[in-house]
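Engineer: If you want the building blocks of each chain, they are given just below.
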Amino acid sequence: MDMKEIALEVINGKTKIVKALVQQALDEGIPAKTILEEGLLAGMAVVGEKFKNNEVFVPEVLISARAMTMGAAMLKEKLNESGETAKGKACIGTVQGDLHDIGKNLVKMMLESKGIEVIDLGTDVSPETFVQTAKEQNCQIICCSALLTTTMTVMGDVVKAAEAAGIRDSVKIMVGGAPVTEAFCKQIGADAYTSDAASAADLAVTFCQ
Amino acid sequence: MSVLTVFHNGNRREILFAPPQPLHEVLRSASIPADHPCGGKGRCGKCAVKLAGSTCPPTEAEITAGTRLSCQAVLTGDATAWLEHTSLTQIETNTHSLASVAPMAGAYGAAVDIGTTTIALALYRLSDGAVLASAAAENPQRTIAADVIGRMEAAMAGKLSLLQQLVLEKVQKLLSSACVDAGIEESAVESLVITGNTTMLYLLTGKGPESLSHAPFKADCLFGFEITILGKRAYLPPCMDAFVGADITCAVLASAMTENPQPSLLCDIGTNGELVLWKEGVLSVTSTAAGPAFEGAGISCGCGSIPGAIDRVWLEDNQVCCHTIEESPAVGLYGSGLIDAVSTLLKTVDIDETGVMDDDLLLAENVVLMPKDIRAVQLAKAAIAAGIQTLLESTDTKENQLSDFYICGGFGTHLNLQSAANIGLFPHTFIQKARVLGNAALAGAAMLLLDTGLRAKAQQLADAAVQLNLGGNPKFNENYITQILFPEEGF
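Read top to bottom, the protein sequences are chains W and B. Its first residue numbered 32, the first sequence is counted upward by one per residue in our numbering. Its first residue numbered 117, the second sequence is counted upward by one per residue in our numbering.
Since the hints were made in silico from the structure, they are not lab data. A few of these clues could be false.
In the DMTMM-like style, the derived pairs of lysine to aspartate or glutamate whose C-alpha atoms are separated by at most 20 Å in a straight line are [as the list claims (entries may be wrong)]:
#	chain 1	residue 1	chain 2	residue 2
1	B	Lys275	B	Glu254
2	W	Lys191	W	Asp222
3	B	Lys162	B	Asp151
4	W	Lys45	B	Glu594
5	W	Lys118	W	Asp151
6	W	Lys81	B	Glu285
7	W	Lys83	B	Asp476
8	B	Lys275	B	Glu285
9	B	Lys488	B	Asp474
10	B	Lys549	B	Asp567
11	W	Lys81	B	Asp466
12	W	Lys81	B	Asp475
13	W	Lys83	W	Glu213
14	B	Lys591	W	Asp151
15	B	Lys488	W	Asp227
16	B	Lys162	B	Asp194
17	W	Lys107	W	Glu159
18	B	Lys162	B	Glu285
19	W	Lys166	W	Asp188
20	W	Lys217	B	Glu176
21	W	Lys83	B	Asp475
22	W	Lys83	B	Glu200
23	W	Lys83	B	Glu469
24	W	Lys81	W	Glu36
25	W	Lys120	W	Glu86
26	B	Lys488	W	Glu36
27	W	Lys45	B	Glu254
28	W	Lys64	W	Glu86
29	B	Lys463	B	Asp475
30	W	Lys118	W	Glu68
31	W	Lys45	B	Glu604
32	W	Lys81	B	Glu469
33	B	Lys549	B	Glu375
34	W	Lys81	B	Glu254
35	W	Lys83	B	Asp468
36	W	Lys81	B	Asp474
37	B	Lys488	W	Glu80
38	B	Lys348	B	Glu302
39	B	Lys275	B	Glu326
40	B	Lys157	W	Glu213
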């Protein structure tokens with residue numbers, strides 16, 4: 032079976048067909064790693080590229096991401112058995128005082144589509160929770176999201192908390208959300224800002240290498 | 117001292133200032149209007165001016181554009197600035213005479229609505245409820261930031277007293293001009309009712325808005341009392357919560373929706389969309405952040421409701437046609453024209469239901485609609501549409517149960533209902549039920565001015581309102597994602 036078929040259905044966002052194809056591929060004895068990388072993730076990579084080029088928008092990305100996530104869930108056991116590990120690990124959340132999570136969820140799925148394990152801390156997340164999770168779970172990346180100019184300043188506190196906890200050198204802090212800018216990222220001493228979820232995922236991959 | 121020479125709207129002015137000083141501060145000191153939509157962060161580029169003379173070095177982007185951002189440029193000595201022609205926004209003050217039942221004190225009184233974008237005032241004779249004059253202006257706080265969050269941020273960064281001073285001065289000015297028009301002494305005006313969204317009332321009264329600025333968004337003051345403003349008795353009607361303010365309490369009062377035995381929905385479409393559902397004796401309220409796309413910000417050729425703004429777009433013999441405010445040469449695209457344009461392009465399939473538009477569309481000379489503008493419209497309309505959907509679902513209300521759909525606010529008044537339904541701002545079935553109220557907040561404030569007995573009613577409405585929080589609400593998120601797409605059918 033051609034992995035391109037799975038990739039195509041991920042692009043089309045057809046969850047049911049993706050699940051059926053993944054099952055068929057497993058039955059044919061194709062390694063889980065191959066199905067994941069050449070099928071599911073390859074499809075999602077195309078969607079990410081289209082998103083960056085303004086050819087598709089948030090709903091299509093989310094629909095494809097859901098299909099990919101469902102397919103990947105079927106592979107989890109096999110991947111664990113064969114000792115496959117994720118490319119890297121990140122924790123993500125919307126900062127304290129802010130409840131908006133659509134953008135955060137999108138970044139989470141794009142990161143997962145690049146083979147990164149993501150711990151979702153939800154919304155209204157304190158700097159301490161970000162740092163403690165990163166420390167205990169050995170995350171290489173902390174991702175902070177905010178939609179309000181009045182709450183994005185908390186991102187600066189996350190950077191400070193990471194310094195205070197002595198993990199600043201071992202973790203990359205990525206920031207994003209509508210009011211966030213490159214200049215703001217530099218000002219608070221975070222590592223990276225990207226303007227869209229697909230670019231965030233590309234950059235996260237380089238941080239995990 | 118140095119001199120800044122300013123060319124603006126055909127005038128030449130010289131302003132003395134002590135360098136170094138940021139350009140926007142010098143302009144504000146001379147009361148020259150210059151909007152800073154992004155709060156002076158140098159991000160939106162809407163405050164660009166031509167500038168020559170002694171200044172800090174320009175950035176690369178500024179060199180490329182040949183203009184300077186007035187929020188960023190610092191004057192270090194004598195300089196000259198050429199500002200874009202600014203025109204006054206058209207503001208709704210559609211108030212009419214009312215019955216005087218139990219008026220506030222004095223011979224005359226004024227109702228005032230402080231909106232984030234505009235301020236409107238109507239002057240009444242309290243003995244018989246006759247409206248004598250009205251006046252309106254842009255909210256001068258716009259020179260600090262465009263939206264409530266930006267204003268809150270500025271207030272918390274030490275500009276609270278400046279924001280308060282700006283709005284007080286403007287209300288005073290509007291009152292004076294209305295008194296002149298009516299031919300009465302200003303001292304004969306003893307009473308005011310001042311309504312507005314919660315943030316506007318905080319800034320008016322000089323209260324720090326910290327409690328409104330972050331989760332759990334619990335206002336520490338919801339007003340509903342009298343204080344002294346500009347030496348007059350001023351009643352500030354009660355707010356419902358941090359994001360559904362006294363303006364909505366007043367609009368509900370003016371709509372008389374709670375007298376309606378059938379379920380009905382009230383909607384104020386703006387940067388923040390406020391939604392109120394009345395059903396079986398319960399008032400459910402929510403607010404949804406549409407962003408400023410409908411007011412022109414974030415749209416490449418977007419503008420407010422000024423002369424020359426394209427306010428209508430339609431199809432005639434397969435040609436896209438435009439109408440501009442006052443039929444002046446086109447200068448930009450207003451929200452109602454933007455919605456018409458998107459509706460038209462959906463019809464001609466130049467935009468597909470996922471929002472893809474392949475090429476820029478020239479609407480008029482110098483006014484172009486770009487693919488990224490469509491994306492901004494999708495996000496804005498999804499916020500309103502998903503807000504409506506979530507409010508209906510959470511109160512177990514079906515579309516067809518609603519008897520009336522009240523639309524208030526300046527933007528809603530100019531909206532073409534058919535186009536709005538075509539892009540999916542609200543369901544098509546709402547068109548028949550629509551009641552366009554104009555500035556209902558101002559009308560409600562006038563009712564409170566002429567009948568103090570209504571204060572108990574207003575307080576009861578505000579106290580009993582049930583809030584639905586949409587931020588982080590999973591149901592809202594799901595609806596929002598679906599509503600980003602345009603409706604597939606419906607033409």
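Engineer: Now look at each hint and say whether the structure bears it out.
Structural biologist: Now for the hints, and whether the structure bears them out:
no.: 1; hint: B:Lys275 - B:Glu254; in the structure: holds, 19 Å
no.: 2; hint: W:Lys191 - W:Asp222; in the structure: holds, 13 Å
no.: 3; hint: B:Lys162 - B:Asp151; in the structure: holds, 8 Å
no.: 4; hint: W:Lys45 - B:Glu594; in the structure: holds, 18 Å
no.: 5; hint: W:Lys118 - W:Asp151; in the structure: holds, 17 Å
no.: 6; hint: W:Lys81 - B:Glu285; in the structure: violated, 51 Å
no.: 7; hint: W:Lys83 - B:Asp476; in the structure: holds, 18 Å
no.: 8; hint: B:Lys275 - B:Glu285; in the structure: holds, 15 Å
no.: 9; hint: B:Lys488 - B:Asp474; in the structure: holds, 10 Å
no.: 10; hint: B:Lys549 - B:Asp567; in the structure: violated, 29 Å
no.: 11; hint: W:Lys81 - B:Asp466; in the structure: holds, 19 Å
no.: 12; hint: W:Lys81 - B:Asp475; in the structure: holds, 16 Å
no.: 13; hint: W:Lys83 - W:Glu213; in the structure: holds, 18 Å
no.: 14; hint: B:Lys591 - W:Asp151; in the structure: holds, 19 Å
no.: 15; hint: B:Lys488 - W:Asp227; in the structure: holds, 14 Å
no.: 16; hint: B:Lys162 - B:Asp194; in the structure: violated, 24 Å
no.: 17; hint: W:Lys107 - W:Glu159; in the structure: violated, 30 Å
no.: 18; hint: B:Lys162 - B:Glu285; in the structure: violated, 25 Å
no.: 19; hint: W:Lys166 - W:Asp188; in the structure: holds, 16 Å
no.: 20; hint: W:Lys217 - B:Glu176; in the structure: holds, 18 Å
no.: 21; hint: W:Lys83 - B:Asp475; in the structure: holds, 17 Å
no.: 22; hint: W:Lys83 - B:Glu200; in the structure: violated, 34 Å
no.: 23; hint: W:Lys83 - B:Glu469; in the structure: holds, 19 Å
no.: 24; hint: W:Lys81 - W:Glu36; in the structure: holds, 18 Å
no.: 25; hint: W:Lys120 - W:Glu86; in the structure: violated, 29 Å
no.: 26; hint: B:Lys488 - W:Glu36; in the structure: violated, 31 Å
no.: 27; hint: W:Lys45 - B:Glu254; in the structure: violated, 50 Å
no.: 28; hint: W:Lys64 - W:Glu86; in the structure: violated, 29 Å
no.: 29; hint: B:Lys463 - B:Asp475; in the structure: holds, 16 Å
no.: 30; hint: W:Lys118 - W:Glu68; in the structure: holds, 12 Å
no.: 31; hint: W:Lys45 - B:Glu604; in the structure: holds, 19 Å
no.: 32; hint: W:Lys81 - B:Glu469; in the structure: holds, 16 Å
no.: 33; hint: B:Lys549 - B:Glu375; in the structure: holds, 16 Å
no.: 34; hint: W:Lys81 - B:Glu254; in the structure: violated, 41 Å
no.: 35; hint: W:Lys83 - B:Asp468; in the structure: holds, 18 Å
no.: 36; hint: W:Lys81 - B:Asp474; in the structure: holds, 13 Å
no.: 37; hint: B:Lys488 - W:Glu80; in the structure: holds, 16 Å
no.: 38; hint: B:Lys348 - B:Glu302; in the structure: holds, 11 Å
no.: 39; hint: B:Lys275 - B:Glu326; in the structure: holds, 13 Å
no.: 40; hint: B:Lys157 - W:Glu213; in the structure: holds, 12 Å
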